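Using the sequences plus the hints, can you model the full thing?
As given, the protein sequences belong to chains S and V, one line each in that order.
Those letters in the first sequence? Residues 0 to 434, per numbering that gives the first Met the number 0, in order.
Those letters in the second sequence? Residues 0 to 576, per numbering that gives the first Met the number 0, in order.
Note that these hints are calculated values from the structure, not bench results.
Possibly wrong hints are sitting among the right ones.
In the PhoX-like style, the derived pairs of lysine-lysine whose C-alpha atoms are separated by at most 20 Å in a straight line are [to be verified]:
no.	chain 1	residue 1	chain 2	residue 2
1	V	LYS60	S	LYS74
2	V	LYS513	V	LYS449
3	S	LYS424	S	LYS398
4	V	LYS60	S	LYS48
5	V	LYS449	S	LYS362
6	V	LYS465	S	LYS362
7	S	LYS74	V	LYS107
8	S	LYS340	S	LYS121
9	S	LYS374	S	LYS340
10	V	LYS513	S	LYS20
11	V	LYS97	V	LYS107
12	V	LYS97	V	LYS138
13	S	LYS20	V	LYS67
Just some of the chain S residues that point at chain V, by a computed CB distance under 10 Å [said to hold, decoys possible]:
no.	residue
14	VAL22
15	PRO119
16	PRO256
17	ASN305
18	LEU327
Partial pick of chain V residues on the chain S-facing surface, computed with a CB cut under 8 Å [claimed, not checked]:
no.	residue
19	GLY10
20	ARG108
21	PHE241
22	GLN343
23	ARG346
24	GLY350
25	PRO356
26	GLU359
27	SER396
28	ALA398
29	GLY399
30	GLY400
The structure presented is a predicted model; accordingly, all values stated were derived computationally and were not measured.
Backbone N, C-alpha and C define an ideal beta-carbon position, used for all residues, glycine too.
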Amino acid sequence: MQKTYNRIIQIAGNVITVEAKDVGYGNLAEISSRAGKSLAQVIRIDGEKVYLQVFSGSRGISTGDKVRFLGHPMKVSFTENLLGRLFNGAGLPRDNGPTLEENMIEIGGPSVNPAKRIIPRKMIRTGIPMIDIFNSLVESQKLPIFSVPGEPYNELLARIAMQAEIDLIILGGMGLKYDDYLFFRDTLEKNGSLSRAIFFVHTAQDPTVECLLVPDLSLAVAEQFALQGKRVLVLLTDMTNFCDALKEISITMEHIPSNRGYPGDLYSQLASRYEKAVDFDSAGSITILAVTTMPGDDVTHPVPDNTGYITEGQFYLRNKFIEPFGSLSRLKQLVNGKTRKDHRTIMDRMIQLFSDYREALEKQAMGFHMSEWDKKLLKYGKAFEEKMMNLSVDIPLEKALDLGWQILAENFEPAETGIKTELVKEFWPKTSSIA
Amino acid sequence: MSAERFGILTGINGNMARVEFKDYVMQNEVAFILHNEERLKSEVIRVTGNIAELQIYEDTKGLRLGEKVEFTGELLSVELGPGLLGQIFDGLQNPLPKLAEKSGFFLKRGLYLEALDDKLEWEFTPVAKVGQGVKPGEKIGFTNEGIFEHWIMAPFGLKGAATVVKIANKGKYNIKHTVAELKDERGNTCLVAMSQTWPVKVPIASFAEKLKPSKPVITKIRIIDTLIPVALGGTYCVPGPFGSGKTVLQQLISKHAEIDIVIIAACGERAGEVVETLREFPHLVDPRTKKSLIERTVIICNTSSMPVSARESSVYTAVTIAEYYRQMGLNVLLLADSTSRWAQAMREMSGRLEEIPGEEAFPAYLENRIASFYERAGLVRLHDGSFGSVTIGGTVSPAGGNFEEPVTQATLKVVGAFHGLSRERSDARRYPAIDPLESWSKYTSFIDSKEVNLAQAVLKRSYEAKQMMKVVGEEGTSLSDFMAYLKGEFIDDVYLQQNAFDEVDAATIEERQKYVFHVLHEIIGSEFNFENKDSARKFFQGLRQVFIEWNSSEWQAENFKKQENLIKEKCKKHIIA
Numbered sequence: 000m001q002k003t004y005n006r007i008i009q010i011a012g013n014v015i016t017v018e019a020k021d022v023g024y025g026n027l028a029e030i031s032s033r034a035g036k037s038l039a040q041v042i043r044i045d046g047e048k049v050y051l052q053v054f055s056g057s058r059g060i061s062t063g064d065k066v067r068f069l070g071h072p073m074k075v076s077f078t079e080n081l082l083g084r085l086f087n088g089a090g091l092p093r094d095n096g097p098t099l100e101e102n103m104i105e106i107g108g109p110s111v112n113p114a115k116r117i118i119p120r121k122m123i124r125t126g127i128p129m130i131d132i133f134n135s136l137v138e139s140q141k142l143p144i145f146s147v148p149g150e151p152y153n154e155l156l157a158r159i160a161m162q163a164e165i166d167l168i169i170l171g172g173m174g175l176k177y178d179d180y181l182f183f184r185d186t187l188e189k190n191g192s193l194s195r196a197i198f199f200v201h202t203a204q205d206p207t208v209e210c211l212l213v214p215d216l217s218l219a220v221a222e223q224f225a226l227q228g229k230r231v232l233v234l235l236t237d238m239t240n241f242c243d244a245l246k247e248i249s250i251t252m253e254h255i256p257s258n259r260g261y262p263g264d265l266y267s268q269l270a271s272r273y274e275k276a277v278d279f280d281s282a283g284s285i286t287i288l289a290v291t292t293m294p295g296d297d298v299t300h301p302v303p304d305n306t307g308y309i310t311e312g313q314f315y316l317r318n319k320f321i322e323p324f325g326s327l328s329r330l331k332q333l334v335n336g337k338t339r340k341d342h343r344t345i346m347d348r349m350i351q352l353f354s355d356y357r358e359a360l361e362k363q364a365m366g367f368h369m370s371e372w373d374k375k376l377l378k379y380g381k382a383f384e385e386k387m388m389n390l391s392v393d394i395p396l397e398k399a400l401d402l403g404w405q406i407l408a409e410n411f412e413p414a415e416t417g418i419k420t421e422l423v424k425e426f427w428p429k430t431s432s433i434a
Numbered sequence: 000m001s002a003e004r005f006g007i008l009t010g011i012n013g014n015m016a017r018v019e020f021k022d023y024v025m026q027n028e029v030a031f032i033l034h035n036e037e038r039l040k041s042e043v044i045r046v047t048g049n050i051a052e053l054q055i056y057e058d059t060k061g062l063r064l065g066e067k068v069e070f071t072g073e074l075l076s077v078e079l080g081p082g083l084l085g086q087i088f089d090g091l092q093n094p095l096p097k098l099a100e101k102s103g104f105f106l107k108r109g110l111y112l113e114a115l116d117d118k119l120e121w122e123f124t125p126v127a128k129v130g131q132g133v134k135p136g137e138k139i140g141f142t143n144e145g146i147f148e149h150w151i152m153a154p155f156g157l158k159g160a161a162t163v164v165k166i167a168n169k170g171k172y173n174i175k176h177t178v179a180e181l182k183d184e185r186g187n188t189c190l191v192a193m194s195q196t197w198p199v200k201v202p203i204a205s206f207a208e209k210l211k212p213s214k215p216v217i218t219k220i221r222i223i224d225t226l227i228p229v230a231l232g233g234t235y236c237v238p239g240p241f242g243s244g245k246t247v248l249q250q251l252i253s254k255h256a257e258i259d260i261v262i263i264a265a266c267g268e269r270a271g272e273v274v275e276t277l278r279e280f281p282h283l284v285d286p287r288t289k290k291s292l293i294e295r296t297v298i299i300c301n302t303s304s305m306p307v308s309a310r311e312s313s314v315y316t317a318v319t320i321a322e323y324y325r326q327m328g329l330n331v332l333l334l335a336d337s338t339s340r341w342a343q344a345m346r347e348m349s350g351r352l353e354e355i356p357g358e359e360a361f362p363a364y365l366e367n368r369i370a371s372f373y374e375r376a377g378l379v380r381l382h383d384g385s386f387g388s389v390t391i392g393g394t395v396s397p398a399g400g401n402f403e404e405p406v407t408q409a410t411l412k413v414v415g416a417f418h419g420l421s422r423e424r425s426d427a428r429r430y431p432a433i434d435p436l437e438s439w440s441k442y443t444s445f446i447d448s449k450e451v452n453l454a455q456a457v458l459k460r461s462y463e464a465k466q467m468m469k470v471v472g473e474e475g476t477s478l479s480d481f482m483a484y485l486k487g488e489f490i491d492d493v494y495l496q497q498n499a500f501d502e503v504d505a506a507t508i509e510e511r512q513k514y515v516f517h518v519l520h521e522i523i524g525s526e527f528n529f530e531n532k533d534s535a536r537k538f539f540q541g542l543r544q545v546f547i548e549w550n551s552s553e554w555q556a557e558n559f560k561k562q563e564n565l566i567k568e569k570c571k572k573h574i575i576a
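What follows is the structure, encoded as C-alpha cells:
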C-alpha cells in the first residue's frame, strides 16, 4: 500500500511532479530529501504524473529523492490537549510540547447542510463599545476587518481574543511577522487567556504552502469543538496573505489568472472557508473575524472585494479607530433589539450626530463660519472619539450605553439630540459631571 | 436503454476528471464515478478521442486512477410533479431537509435522494377522454397542490400528437403510478405518471406560441413599479456592489410580488440568507391567498461552499421547474441570486479545460450562455388558449462594483430592465438603493406615462442642480435651481425610498401607487412662492414628514385621509394657482 516512488520528473516552484500509480486525489505524501522530511499534497493527477504541493517548499529536493504516499488526506489531531498549544501551518508544535497524534480528523470537510442552520440570535460581547453598541458581533457571523498595513489590527484581534465572551479562541496566523506572533503569544499569556486558545501560526519566513493550510486546520478544529457545544471564535490574520499564497500556487500550476493574477476560483476558495461560520441547531457555533489588509487602501482590490461579497458586513480600521461609516455588522439587527431598550436609539443618534460632526469639521477646514451648533458638534465629536472610539476602552455594553448618555448630556440639551422624551426621562443623566 | 457502459478514471484536476472509455459517450450525459461505496455524480462536458472530460458535482478528495466510471446515457434531469412547492433542493434537486435527516449536520458526498416523495398519494382527477388526441404538455388530468390546480400533462418529450388509450379513474395515486396510456403517431405506447423527468438544459417548449410581455408584474416596490417596471414574462437584472442590498431587494420581491409562484435560486451566495427565507416564509402570510408564503415558493439552494459544478446546474434546475409551472397557466417569478457566481462556476470549469480565455478569463461562450438562460423567460399561450409566464430576475455581483465587467455587460444586452444599485445610495441609507437615473426598463408601467416622464425630468434636473451646488455652494445657486433640487429630493424621500421595516410602507399595492403618485405629481408639477431658500427647505422638510407618515398609514383608513388632507392644506399656502 505505502509504496515508495523516486522518479521526480519536474520541480517547479513549490510543486513537484512524480510518476506514481494508485494515488488518491488530495492525499498526502512524505518526501525524504537531504533537507529532511516534508509532507506534500496531491493537487493534480494526469495519467501517471502526480503533481504534489510540497509543504516545506521544493528547495533542496533532488530528482532522486524518495516519495512515499500515505494514503490519506491532511489530518489534524482533535483533543482537549490542543488547548493552550501553539502549532505551525503543518500542524506541528511550535511550542516545546509533544506532537499530538490521537483522534486525527480530516481538514476541509464537507459543507453544512443549509437546512440544519438556524437564524443567529446570540450576541458576542467584546467589551469594545464600537463593536458592542454600534456594530454588534453575532454568534456565527463572519466579519472581515478591512485595514491598510500599519493599522493596529493585530492589537485589535488580541483585545477581542482576551475580552470576548466566548468559550474558545482559535488563532490562525498567515504570513505573520515573527514579532506579531510573539506579541499574540505573550499578550494572551500575560492575560491568562492562552489556556482557552489554540494557535495555528504560519509566519512570513515559513514555506508558502503551509500558509494555505492554516484556515482549514483552524476551522476543522473549531468545527469539532462547536459540535461538542462550544462557542468558538476563530481569528484569522491576514487573509490577504492566504490569497497571495493561492495566487502563487495557481500560477505555478499554469492556471489562467482572472483578475490581477488571482485564480478564477478565489471567491469559492474564500467562501468555502468563511462559510464554516455556523450556528448549529442544538450544538455550538463558529464565529469568524478575519483581517484582510487592503493593498493601497483599495476596497475594489480582488481580495477585499470577493471577501465583501461573502461576509456579513465588515469593519474598517482607519487611523487607529473602527471607522463608524462603512463599518457594518449585517446581523446586528438580530440582537440589538433585545439588549436594553435604549441600545438602538443610542446607536442611531450618536452616529448621526457624529456624521454632523464630520460635516462641521469639513466646514471648519474650508474656513467657513462656525455657528454655535457647529461648535457644539466639534466638542461632541472630540469626546466621542476619545471616549467611545478609542480601542483601548474595555467596558460592558450597559456601561458603554451609560457612557453614551453621559457624552450626550455633556454636550447637548435633550431636545437637540432628537431622542424620544420617554427615553430621555429614563436615561438622561441628572448631573452632567463625569464621575 | 442500451447495455451498461463503463470507463476508467485517468486524470483528476480539481473537480474535473478525465475518463477513458471504450464504446461511446454522449455529450452532457450523466456519469457516476464509483469510489468505494460512493457514487459521485458527474457530467460529460468534452470528448477528445477516447477520453471524456467530466465535471464532478462533488468534492473529489481521495479519488484514484483506475476507478470505474459508469455512464448512464441520460442527460442531467429534474423530476417534475406535484410536491415541488414548499420544497428546498440543492442544485441537483436533492431535498435538503431529507438529506439532513439522513446525514445530519453535513452534506454527505455521493448521497442522492428522490426529489419527490413517491410514497405520498395525490388525488388525481382525469380530464382527457379515451380516444382524444393530445399534444405534448396538454392537460390529461389534475391534482390539487396546495392552492393550485396542478396539471398532469402529456410528457413534454412526446414526439408529435398522441391518442389517449387508457386513463385512470378519479382516485388517489402516488406520483410513479401510471395514470394514462398514450399511443403516439408511430404507434408507440407511452405510459404517463403524475411525475415526469426533463433535462435541465433543454427549455420546455410545449406551448402554442411565445408572446411579447406587456402586463407588469406588481412587485409593490414603488421605484420599480413606477419608474422601471418589470413585465410578466420579462427579464431584469440587479447589479450592485457588495452591501448595496441586492439580496434584501430580492427577498422583498419574493415576499410581496403579486405572482403565483416564486422560485428562488440561491446560487453561490451565503447560506445564512437562505436560512432566513427558509425559517421565515412558513410564518409569513401571502395577503393574496391568505396562505403561508412557503406554499408558493420553491428554493433551489447551492450556497457558496457547496460544490461548484452543482452551482452551474442550479440555475438550470430552477428555470426548468419555473417552466414546468408555466405549462399549467401560472405566472412564475424566478429570482436568481447571483448570476455572477454562476458565471464564475463556468469560468472555473473553462480554466480547468484549458480553454482559451476571454475577458477577465471568462470563457468565450459566456454571453451566449447568459443570453440563452434569460431567453427561457417569456409569456406563452398554451395549447388550450390559457396563458402562463416565467419572469426572470437575476442579481449580478460585479467585481469591484464596476458595471463594465463582462457578466454585467453580457446581461445588460439581453434583459428588458436594469435595476442598478449604487453604493452612494446605500451609504446614504436610501433604500431600495436603485439608482433612478441610471436604471432603465423597456416595459411600460401601470402609471400614466406623462406623469412618470415629468417625475423623471424633475429627478434629472434635481441631480444636475445638486452637482452644480457642490461647486458653487448653496449661496451661489438661484432660487429656481434650488427649487428643482428640492423637488427631486422630495420625490426620492417620499416615494422612491421605502421603509422595508414599516409594515405598511414595505409594500404598496397598485391602486395606492397610482393614487399617491398622482398627488405627488401635482405637487412637483406646481409653481411655489417662497421668499428664500430657507423657507423653501423648511416647507419641504415639513411636507416630507407628513408624507412619510401618510406612507405608513393604512390604505384608505382614517389616518390615511387625515394625512392626505394635511398635505393638501400645507401645499395650498405656497402653490401659485
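Can you confirm whether the C-alpha distance between S/LYS74 and V/LYS107 stays at or below 20 Å? holds (18 Å)
Are S/ASN305 and chain V close enough, Cβ to Cβ, to be under 10 Å, as the hint says? Holds, about 8 Å.
Quick one, are V/LYS60 and S/LYS74 close enough, alpha carbons at most 20 Å? Judged against 20 Å, a Cα distance of about 13 Å means the pair holds.
Would you check whether V/GLY350 satisfies its interface hint, that is, whether its CB is within less than 8 Å of any CB in chain S? Hint on V/GLY350: holds, closest Cβ of chain S at ~5 Å, below 8 Å.
Does S/LYS20 pair with V/LYS67 here, judged by a C-alpha cut-off of 20 Å? Answer holds: S/LYS20 to V/LYS67 is near 15 Å, not above 20 Å.
Return the status of the interface hint for V/ALA398: holds when the least beta-carbon distance to chain S is below 8 Å, violated otherwise. Since the shortest Cβ distance to chain S is 6 Å, the answer is holds.
Interface hint for V/GLY400, Cβ within 8 Å of any Cβ on chain S: At about 7 Å, which falls below the 8 Å cut-off, the nearest Cβ of chain S leaves the hint on V/GLY400 intact, so it holds.
Given the hint that V/LYS449 pairs with S/LYS362, does the C-alpha gap stay at or below 20 Å? violated (42 Å)
CA of S/LYS340 to CA of S/LYS121, is that 20 Å or under? Answer holds: S/LYS340 to S/LYS121 is near 17 Å, not above 20 Å.
Holds or violated: is the Cβ of V/GLY399 closer than 8 Å to a Cβ in chain S? holds (3 Å)
Hint validity - S/PRO256 Cβ closer than 10 Å to any chain V Cβ: holds (7 Å)
Hint consistency between S/LYS424 and S/LYS398 [alpha-carbon to alpha-carbon, up to 20 Å]: holds (18 Å)
Against the hints set out earlier in the document, violations occur for numbers 5, 9, 10, 12.
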